[in-house]
Each structure stands twice: as structure tokens, then as C-alpha cells.
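**Q** Letter by letter, the chains look like this.
There are 2 protein chains.
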Amino acid sequence: MDFQTVVQRRKMVRSFSGEAVPPEVLEQILGNAQRAPSAGFSQGWAFVVLVGPSETGLFWETISDPEWRADPYRPGLLRAPVVIVPLTDEAAYRARYGEADKAAYGLAESEWPVPYWLVDTSFAAMLILLSAVDAGLGALFTGLNHHDDELMLALGVPPEYRPIGAVVMGWPDGEDKPSPSLARGHRPAESVIHRGRW
Amino acid sequence: MDFQTVVQRRKMVRSFSGEAVPPEVLEQILGNAQRAPSAGFSQGWAFVVLVGPSETGLFWETISDPEWRADPYRPGLLRAPVVIVPLTDEAAYRARYGEADKAAYGLAESEWPVPYWLVDTSFAAMLILLSAVDAGLGALFTGLNHHDDELMLALGVPPEYRPIGAVVMGWPDGEDKPSPSLARGHRPAESVIHRGRW
Chain E
1 MDFQTVVQRR KMVRSFSGEA VPPEVLEQIL GNAQRAPSAG FSQGWAFVVL
51 VGPSETGLFW ETISDPEWRA DPYRPGLLRA PVVIVPLTDE AAYRARYGEA
101 DKAAYGLAES EWPVPYWLVD TSFAAMLILL SAVDAGLGAL FTGLNHHDDE
151 LMLALGVPPE YRPIGAVVMG WPDGEDKPSP SLARGHRPAE SVIHRGRW
Chain U
1 MDFQTVVQRR KMVRSFSGEA VPPEVLEQIL GNAQRAPSAG FSQGWAFVVL
51 VGPSETGLFW ETISDPEWRA DPYRPGLLRA PVVIVPLTDE AAYRARYGEA
101 DKAAYGLAES EWPVPYWLVD TSFAAMLILL SAVDAGLGAL FTGLNHHDDE
151 LMLALGVPPE YRPIGAVVMG WPDGEDKPSP SLARGHRPAE SVIHRGRW
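Heads up: the sequence lines are chains E and U, in that order. For the first sequence, position 149 matches number 149 in this note's numbering, and the numbering has no gaps at all. For the second sequence, position 181 matches number 181 in this note's numbering, and the numbering has no gaps at all.
Excised from the complex, chain E in its bound form (with noise of 0.2 Å):
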């Protein structure tokens, strides 16, 4: 698909007809997000990929309770057959800024400017949301509903791996409820945009 219409059909999709995604697009998705920029090329990232009703009931079960569950909206999202949680490594950039070419900078042990970790983690989630599209899937970025530690408990995940939500997926079912944030409406672009200065 051509990249400009990508962009332009990208949002975030609640509702999913349960079919499955073939194991090569899945491939593909996930080949994509390891393509994303890292800071001294650290790549600390991981990513739990959970496919079909056993795995991604684990995680709904996890990070909501009945009543949520219960939301008339809910079970065209609860039936999508992928969900990826993407995690940061905050150790590897440490371990890569203590390296001989890095260790000028002063970050192996220091606080660091900007969480690099976690903006590229989030480089590597918007390739996913975006190679989706390209694959004719709709997806949703999901934050944890403050379940991150009890996921990560269920999931096994190491205690340096931190979650940044989750990028749910699989086939559009059309009975998609637009988010009602969206009413917002777009920030004028000249609150946005500063030439120059601000």
C-alpha cells in the first residue's frame, strides 16, 4: 500500500472479527518493528506476542475485571487474535553507554536526558500500528489500566523489561465505535507547528 495512504487510513480499530492473522503477516509486523531507530543502535526492546483466545485471554483477564469486560463494546475487542506488548530495556542502554565509543557521554550510570528506551520502543510500536494498516489489519495502542506489574508477573517478563502498553490486533469487523475523544477534533495546526522559534 502506498505509504501516504497508510498514514491516512491509520486509527486505532476496537472491534475485530476474530479472525485469524496469518503467521507470515505477523512475521512481517514483527520484522518491521525491529527495523525501528535505537539510540547507539542499543535496540532495547522486547516484544510478548500473544496469539489466538488461551493467550490473549490471559492478558485480558490480567489487566481488566468482569464489570469492564462486561461493556457492551468490549467482545469485538476481547476477540482480536494478536496482541503484542511491547517492552523497554532501560539496562541495555545503560550497558551500550558504558561501552568505549559511548562512555563521553556519561549515561552508563547517570540519568539520562530523555528515557531513549522508551522513545524507541515507541519508534518500534508505531511501525507495528502502521504495518497493520499496510496489511489491511486494524489496530489499537492500549495502555495496561494500571495492571503493568501484574502483567508482567503473568507474563514472565524480567524484572528490567518495563511495558508501554499493548497494540491490539486482527481483522476490522466494521462495527468499529470511533473513540468519542475524537470529537476533540485536531489542535490547530498553528498551536502546533512554531517556525522558527516558538
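Check before you lean on any hint, since a few could be wrong.
Derived contacts from chain U toward chain E, CB cut-off under 7 Å, selection only [unchecked claim]:
#, residue
1, 1
2, 35
3, 41
4, 43
5, 46
6, 60
7, 62
8, 118
9, 134
10, 151
11, 153
12, 157
13, 184
14, 198
By construction, these hints were calculated from the structure, which means they are not laboratory data. None of these values were measured; they are calculated from a predicted model. Ideal Cβ positions, reconstructed from N, Cα and C, are used throughout, including at glycine.
Dock chain U against the given chain E, drawing on the hints supplied.
**A** For chain U alone, coordinates are given in the frame of chain E:
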């Protein structure tokens, strides 16, 4: 350009011809950045766009010293006709999550499990990097050499906004030196992708 081609061609470019980027190309790229998703459609981001030697020169003089700029590989970088500084606005997220439909999340005051202002602005920056490739341009994402505060001051940015780095953009001149970090190679997929659980 085909989406998959854009993803495969994307790389960091560090040497530019200095030829100007046509305004309509730059506007399309900035338009794509504003199509990034954001939590609660907060859109808590802004972009300072610097065009031409006077504006980009201020950027480089603020974030580097003469010794850094004297490196033989810098002139090609400093010729880039465009620098975009993506900024996060944490306050916009707290304000958004203080509104009636989001107040139940309790995020107006408390610490967020993930700073989504940083995630969402990174989504926008990734769209900028990919959109540059789609336009035939090259781009570099870079940190600010620990001169984040000086740059904010020089650009007159209000204190609630924080930079995540900068996107340096222009026409590649083909004299690029790949980052030595790339010699590390991609991490093996089996250490990055975890199926079903860690």
C-alpha cells in the same frame, strides 16, 4: 512510495546537500506528524521547525561547541536545511485526564505508569522520519548533547514543554558515513520476540 519500501529504506542520514526542502513537502511531513495517535486524543505535542542556515545555525550553535562542529563529518550534517524539534506537553495530558470522561483514571495528579506524552510525541517523530523517506529525503534523529535547557531558552519554548531530541532533514548527498554502532548488528529475533509468554 510503497509502505514496505519506506520501512526498508529508512536509515539515519548524516550528510546532506544543503538544497532546500520544498515547502509543500515539509508541510506534508508536518501534517503526517499531527496524525499520530495520542492518549485521550490529548495531542500534547508541539514542533519547532527551523528552516535555512540562520535558523538551523542557531540550533547547532546552541547544542554543540566548535570542537564538535570541527569533526570532518559535521559539515555534511550541518548543511541540512531543516531541523524539527519535537516537544512534549505533559500538562496537556494531565488537563485531558482531569476532564469528566477521563477523571476515573485518576491521572490528573498522580504519577502515570507510562509517560504517554513521551510515547505519543515519539509516535509523531517516527511518522516524520518515515515521511521524509517517502519524500526522497534523508533524516537523522538525534539527542541534544545535554543542551536541552539551553535550546529551549534559545527557541523561547514555554517551560512546560520538553524536547525529545531533534529530526535533522534534507537531501542526502551520498557522502554519508554509516554509524559505527550498526556494526553491532541486529539483535537475534529470538532474544527480542517472545511468544505466548517470556
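**Q** Taking the least C-beta to C-beta distance, is residue 198 (chain U) closer than 7 Å to chain E?
**A** holds (4 Å)
**Q** Does the closest beta carbon of chain E sit nearer than 7 Å to the beta carbon of residue 43 (chain U)?
**A** holds (5 Å)
**Q** Measuring from the C-beta of residue 157 (chain U) to each C-beta in chain E, is the shortest one below 7 Å?
**A** holds (5 Å)
**Q** So, as I understand it, the hint says residue 35 (chain U) touches chain E; can you test that by seeing if any CB pair is closer than 7 Å?
**A** holds (6 Å)
**Q** Double-check residue 46 (chain U) for me: the hint is only fine if its C-beta lies closer than 7 Å to a C-beta in chain E.
**A** Status holds, d = 5 Å.
**Q** Under the criterion of a CB-CB separation shorter than 7 Å, is residue 118 (chain U) in contact with chain E as hinted?
**A** holds (6 Å)
**Q** Answer holds if the nearest beta-carbon of chain E is closer than 7 Å to that of residue 151 (chain U); otherwise answer violated.
**A** violated (11 Å)
**Q** Min Cβ distance, residue 153 (chain U) to chain E: is it shorter than 7 Å?
**A** violated (11 Å)
**Q** Report holds or violated for the interface hint on residue 62 (chain U), using the least CB-CB distance to chain E and a cut-off of 7 Å.
**A** violated (11 Å)
**Q** Against chain E, with CB atoms and a cut of 7 Å, does the hint on residue 41 (chain U) hold up?
**A** holds (4 Å)
**Q** Hint validation: residue 134 (chain U) versus chain E, beta carbon distance must be below 7 Å. Holds or violated?
**A** holds (4 Å)
**Q** Holds or violated: is the Cβ of residue 1 (chain U) closer than 7 Å to a Cβ in chain E?
**A** OK, holds: residue 1 (chain U) within 7 Å of chain E, min 5 Å.
Checked against the numbered hints above, the structure breaks hints 6, 7, 10 and 11 and satisfies the rest.
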